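Participant: The chain contents come next:
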Amino acid sequence: MTRVTVKTTINHRKYELAPDPNQTLLDILREELGLTGTKRGCEIGQCGACTVLIDGRAANSCLVLAPQIDGKEILTVEGLASDGRLHPLQESFMDHDAVHCGFCTPGMLMSAKDLLDHAPHPSEEEIRVGISGNLCRCTGYVQIVDAIHDAAERLGKKERIEN
Amino acid sequence: MKPFDYIQAPSITDACIAAAEHSPAKFLAGGTDLLIELRRGNGNYPRSVVDISFLHELRGIEATPDGLIRIGPLTTHSELSSSALLRKNASFLSSAASTIGSPQIRNRGTVGGNVMNSAACADTVPPLIALGASVTLQSVEGRRTITLSDFFIGPYKNIARGDELLTSISFSPLPSVCRSSFVKLGRRNALSISRLSVAAVLGYDRDGRIADARIVPGSAFPVWRRAREAEQMLLGEEPSDKLFTAAGKRVSEAMVSYTGRRWSTEYKEAVITILVRRALEMCGRG
Ligand SMILES: Cc1cc2nc3c(=O)[nH]c(=O)nc-3n(C[C@H](O)[C@H](O)[C@H](O)COP(=O)(O)OP(=O)(O)OC[C@H]3O[C@@H](n4cnc5c(N)ncnc54)[C@H](O)[C@@H]3O)c2cc1C
Ligand code: FES
Ligand code: FES
Numbered sequence: 001m002t003r004v005t006v007k008t009t010i011n012h013r014k015y016e017l018a019p020d021p022n023q024t025l026l027d028i029l030r031e032e033l034g035l036t037g038t039k040r041g042c043e044i045g046q047c048g049a050c051t052v053l054i055d056g057r058a059a060n061s062c063l064v065l066a067p068q069i070d071g072k073e074i075l076t077v078e079g080l081a082s083d084g085r086l087h088p089l090q091e092s093f094m095d096h097d098a099v100h101c102g103f104c105t106p107g108m109l110m111s112a113k114d115l116l117d118h119a120p121h122p123s124e125e126e127i128r129v130g131i132s133g134n135l136c137r138c139t140g141y142v143q144i145v146d147a148i149h150d151a152a153e154r155l156g157k158k159e160r161i162e163n
Numbered sequence: 001m002k003p004f005d006y007i008q009a010p011s012i013t014d015a016c017i018a019a020a021e022h023s024p025a026k027f028l029a030g031g032t033d034l035l036i037e038l039r040r041g042n043g044n045y046p047r048s049v050v051d052i053s054f055l056h057e058l059r060g061i062e063a064t065p066d067g068l069i070r071i072g073p074l075t076t077h078s079e080l081s082s083s084a085l086l087r088k089n090a091s092f093l094s095s096a097a098s099t100i101g102s103p104q105i106r107n108r109g110t111v112g113g114n115v116m117n118s119a120a121c122a123d124t125v126p127p128l129i130a131l132g133a134s135v136t137l138q139s140v141e142g143r144r145t146i147t148l149s150d151f152f153i154g155p156y157k158n159i160a161r162g163d164e165l166l167t168s169i170s171f172s173p174l175p176s177v178c179r180s181s182f183v184k185l186g187r188r189n190a191l192s193i194s195r196l197s198v199a200a201v202l203g204y205d206r207d208g209r210i211a212d213a214r215i216v217p218g219s220a221f222p223v224w225r226r227a228r229e230a231e232q233m234l235l236g237e238e239p240s241d242k243l244f245t246a247a248g249k250r251v252s253e254a255m256v257s258y259t260g261r262r263w264s265t266e267y268k269e270a271v272i273t274i275l276v277r278r279a280l281e282m283c284g285r286g
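Chains R and F are the protein sequences, given in the same order. As numbered in our numbering, residues 1 to 163 make up the first sequence, in order. As numbered in our numbering, residues 1 to 286 make up the second sequence, in order.
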């Protein structure tokens, strides 16, 4: 098994990596780059704890081979905050007690980011579908749905002010 | 995951050559089935993985000059769900894709992987069979096109050789007088007791009688097939609750005659009857 060369952008930083082809994107993030915000859960695509954005769309990093991210842009929970400020989603998750043990939170945030980037004013049903690939054992989802609603409003307001 | 050789194919031809030279090989598309299989590590583990996920020419949905709809195998379920061309010409294929797994799975999982993996619960297959779709397979030995109803031979089994690459899926658009629907029991794939589903098409003539009827249940027969018994009884009739329920019962009888009675049959019989009725109702009444 020969290593392959992978050029990729992770959290806005360029990397040249040489993974073993049987490593997953999740392995690379956690073991090679120390980006342990992305969680290792079921590793069969069911729990969503490993969710990251690949070219802006939510994906289970446990189901992506490392060489497949060549030329792609990856965003993990560590890349959500900018200029030392938390992302509105992160703030509203805290304000709504949408984080209990926190294991599902990075994945939830990334699914929610994909949702709000593509549907800035989601209905409750759209939010529930948006996070249907993310399991939470603690919150019962109500606070999470509320937090995403609230973040959508905050982002809307921010946009109006900026315009 | 156990080791394997990884080959990134820069073209369709290179992918075919790699699969022939490094056999046994597995093509890698979205990886949502293959990675789980590789991690499990049992069965016939491949010597090499041929990554086709960078082949842009295998992506996309288009209307061809000869009047067909052609779908590239790397088209994702998210892309099928949001395609205006499909919504117009085969809306139940979009609907079926939108029920698959989760947003993460739909963003990565491809229609080609769904067809080639050939699980009995593959959701894009019932609409594709109802559409009379054909698949084109390519290898170093050449190309062949097969109708999907001759392609599957059992759960997880089809007639493609390991070195054959699926390069296109095509079908005639539904006539504009037809309406289609897809219904599926349960949303989460984790619910494994049953993944029954039904794809249906109904078309009416000028007098409001049924002139085109297609019913394909998922996870019901050992191999996908149109429920011709039920379709026949709909043709020439006016739509009614009674007729749709009778058609549902007919599909359920056919299912039992093909699969025999098992522990799950009593449940499946009742559910398939209702799903067929619901799918027909969703197609509307002309
Ligand atoms: C959590 C979860 C939920 C799921 N839910 C559903 C569901 O609700 N409904 C459903 O139908 N499926 C479901 N699936 C299964 C899976 O997502 C789909 O079957 C998907 O379409 C597979 O596509 P892929 O691109 O990921 O295939 P891959 O994993 O890349 O490949 C699958 C198989 O097809 C072969 N292959 C792929 N492309 C080609 C090609 N062009 N030519 C030749 N061979 C090829 C591969 O070698 C492999 O054997 C689920 C999976 C997971 C993990
Ligand atoms: S760890 Fe990837 S989905 Fe659970
Ligand atoms: S907060 Fe514990 S799993 Fe969601």
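You may find that some hints are simply not true.
[Claimed, not checked] Which bits of chain F does chain R cover? Going by a derived footprint, with three or more residues having C-beta under 8 angstroms, they are: (1) 27–33; (2) 263–274.
[As the list claims (entries may be wrong)] Within a straight-line C-alpha distance of at most 35 angstroms, the following computed DSBU-like cross-link-like pairs (lysine-lysine) qualify: (3) 2/F <-> 242/F; (4) 7/R <-> 158/R; (5) 72/R <-> 242/F; (6) 14/R <-> 2/F.
[What the hints assert, rightly or not] Where chain R lies over chain F, by a calculated footprint (3+ residues, C-beta under 8 angstroms): (7) 4–14; (8) 104–113.
Hints listed in this document are in silico derivations from the structure and should not be mistaken for laboratory results. Just so we're clear, the structure is a prediction, and the values are computed from it rather than from any experiment. Every residue gets a Cβ at the ideal spot worked out from N, C-alpha and C, and that includes glycine.
Participant: Decide, hint by hint, whether the structure agrees.
Facilitator: Structure-based check of all given hints:
no.: 1; hint: 27–33; verdict: holds (count 4)
no.: 2; hint: 263–274; verdict: violated (count 0)
no.: 3; hint: 2/F <-> 242/F; verdict: violated, 56 angstroms
no.: 4; hint: 7/R <-> 158/R; verdict: holds, 34 angstroms
no.: 5; hint: 72/R <-> 242/F; verdict: violated, 54 angstroms
no.: 6; hint: 14/R <-> 2/F; verdict: holds, 29 angstroms
no.: 7; hint: 4–14; verdict: holds (count 4)
no.: 8; hint: 104–113; verdict: holds (count 4)
Against the hints set out earlier in the document, violations occur for numbers 2, 3 and 5.
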